[in-house]
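Trainee: First to last, the sequence lines map onto chains A and B. Okay, so the first sequence: first residue is 1230 according to this note's numbering, each after it adds one. Okay, so the second sequence: first residue is 4 according to this note's numbering, each after it adds one.
Mixed in with the good hints there might be a few duds.
[Claimed, not checked] Calculated cross-link-like contacts (lysine to aspartate or glutamate; reagent style EDC-like; alpha-carbon spacing at most 20 Å):
(1) A:K1270 <-> B:D346
(2) B:K369 <-> B:D456
(3) B:K402 <-> B:E439
(4) A:K1270 <-> B:D91
(5) B:K369 <-> B:E439
(6) B:K369 <-> B:D408
Quick caveat, the hints were computed from the structure, so don't treat them as lab data.
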Amino acid sequence: MPYRNVDQVMITNWVDTGLTTPFSRYTFTLKVTWTDTDGVKRVHGPQTYTFPNDLATMPLAVRKAFANQMILSMVRVTLGIDDWEQYT
Amino acid sequence: MTTRYVGIGGDDGWDGLAWVSRKQTLNGAENTPVAATDIVYVGPGVYRELLTLDISGAAGQPITYIGDVTGEHTDGIGGIVRITGSNDDIVTARANAITCGAARTYRTFRGFMMDMGSGSLITTNGFLCTDWILEDCILQGMANQRNIYCDGRSINFIIQRCIFYISQSYGINFLAAAVLDNSNNLVQNCLFIGAGTGVVTARVGGIIVKNSTFIGRQGVLVTNALTVGQTVTVNNCIFAFLYVALTGTVAGEIVENYNTFWGNGTDRTLTNIGANSVAYPPLYNPFLQLSGFRYPSYIPLELSMWSQIRARLGSAEATDDIMGMTRPVTAAKNSWGAVQYADALRSIVQAHGGVASIQLVDAGRKQFIIPTTAINTTFSVYVYREANYAGVNPQMVIKQPGVADTTVLDGGAVGGWNLLTTALVPAALPPYVIVELVSNNTAVAGNYNTYFDDLTVS
Chain A
1230 MPYRNVDQVM ITNWVDTGLT TPFSRYTFTL KVTWTDTDGV KRVHGPQTYT
1280 FPNDLATMPL AVRKAFANQM ILSMVRVTLG IDDWEQYT
Chain B
4 MTTRYVGIGG DDGWDGLAWV SRKQTLNGAE NTPVAATDIV YVGPGVYREL
54 LTLDISGAAG QPITYIGDVT GEHTDGIGGI VRITGSNDDI VTARANAITC
104 GAARTYRTFR GFMMDMGSGS LITTNGFLCT DWILEDCILQ GMANQRNIYC
154 DGRSINFIIQ RCIFYISQSY GINFLAAAVL DNSNNLVQNC LFIGAGTGVV
204 TARVGGIIVK NSTFIGRQGV LVTNALTVGQ TVTVNNCIFA FLYVALTGTV
254 AGEIVENYNT FWGNGTDRTL TNIGANSVAY PPLYNPFLQL SGFRYPSYIP
304 LELSMWSQIR ARLGSAEATD DIMGMTRPVT AAKNSWGAVQ YADALRSIVQ
354 AHGGVASIQL VDAGRKQFII PTTAINTTFS VYVYREANYA GVNPQMVIKQ
404 PGVADTTVLD GGAVGGWNLL TTALVPAALP PYVIVELVSN NTAVAGNYNT
454 YFDDLTVS
């Protein structure tokens, strides 16, 4: 039986159309427990971040890669390949 | 050419010219200094150091470090030869396993396990290094660190028969600050496993990736555009259970064909579809699971008898596989991916003595390890090839690491049991030989099974 699969994605023609798109902003508290290269346990936060404002320093290429993922996820759900539960 | 030795229990004050006067560290050998054509045998054990390459080899005269996993050149016992960035196997203490302080060329490393560098395990350190061969190595990467980082416009690299455990980073990263064309870098017969990306290029074109198996997050990725017209060629590979298999920056950059894509989130991004690529499941061979028993295991990610890519025409297929096993001469009998399928079964269709024999369904090899000592020993086996068998007749090959193979060819009639026998004195080390039973069948129709029975050693 055939199955649904994404064989190829051609995502092109990226154009910067400005900063005025309405987009809900969120604040949240983040705490990260991590280990440095000496094996020392460290804690970052709790610190308040704002989305998407705090993504401003993210390089464009990285922002683009994440945007690709989000757009593609939306398309996959639209095509019936995935459902949103897989992304939560 | 000078043969040098490194091993546990050595001393960097010794000359390193024999096992009994071996150096203690790889750097001890390197600093001797080594010279073009030198071979450095490194004995089994753990080397907690960062080897800095001080010397270049020359064209046709590489400097070769060999992890002596069989022990035949070193301790006579054998085992893993490990270079680690840790002093306690818990935290890292050094950045890399191998680096260099200037451009180094014609260097070869074979048979090492490397792990726990806080940086890349092998790095060219930003220098223009060329003509390296990295083979038969296992690299276990660290968080956000590349396993192999060729970041100085590297060309003529051959990376083969390696296993990469990749963190959230890259297995192999070819990087150039400005576009580098026609790099002639080759990656073949490798396994890429983990949460990162297998092969990544930034501006480096002319890379060939073939007969490799990718499982994890991403397969092959171009992060920064190549010169228009430059390519990364990908053939005979397995991309299965990945987030994204292939990603270019523009269509035509990655030229893929004769690959299988299965169970991936996305097979290709900005990559054209190869006309001969398929969407077949790899169907890897499982090991036998029975509680309380540890059966001999298959090679990880070896294909099963059900896999439709276990014998399939590819493009410019590698002549051997991840274990260095020779692949069949008939292109269409080669497996895609890193591990060549070998279809050896217990058969009751033919038997020379008793009721069963070993059946090689098609071209392939089956090996047995036989403990030996250095006394005259006779190896014999009966072979039967069916009527439509074609190509070089079946063979029994007596193999011992470090010793030339002894090959016995079936010179008897088709359709009958023929005796293959030879007598030889094995080398004292390693204390075993491999008896390899070979079908070289090239026929594609009719009956061409090969059966072996009554293997005796006396």
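Trainee: Indicate, hint by hint, whether the structure satisfies it.
Mentor: Evaluation of the provided hints:
Of the pairs offered as hints, the one joining A:K1270 and B:D346 is violated, with about 50 Å between alpha carbons and a cut-off of 20 Å exceeded. A distance of roughly 12 Å separates the Cα atoms of B:K369 and B:D456; the hinted pair therefore holds under the 20 Å criterion. For the given pair, B:K402 sits about 7 Å from B:E439 by alpha-carbon distance, which is consistent with the 20 Å threshold. The hinted pair formed by A:K1270 and B:D91 meets the criterion: a straight-line CA distance of about 17 Å does not exceed 20 Å.
Distance check on the hinted pair: B:K369 and B:E439 sit about 6 Å apart at the alpha-carbon level, within 20 Å; holds. For the hint pairing B:K369 with B:D408, the CA-to-CA distance comes to about 15 Å; that is within 20 Å, so the pair holds.
Of the numbered hints given earlier, the model fails hint 1 alone.
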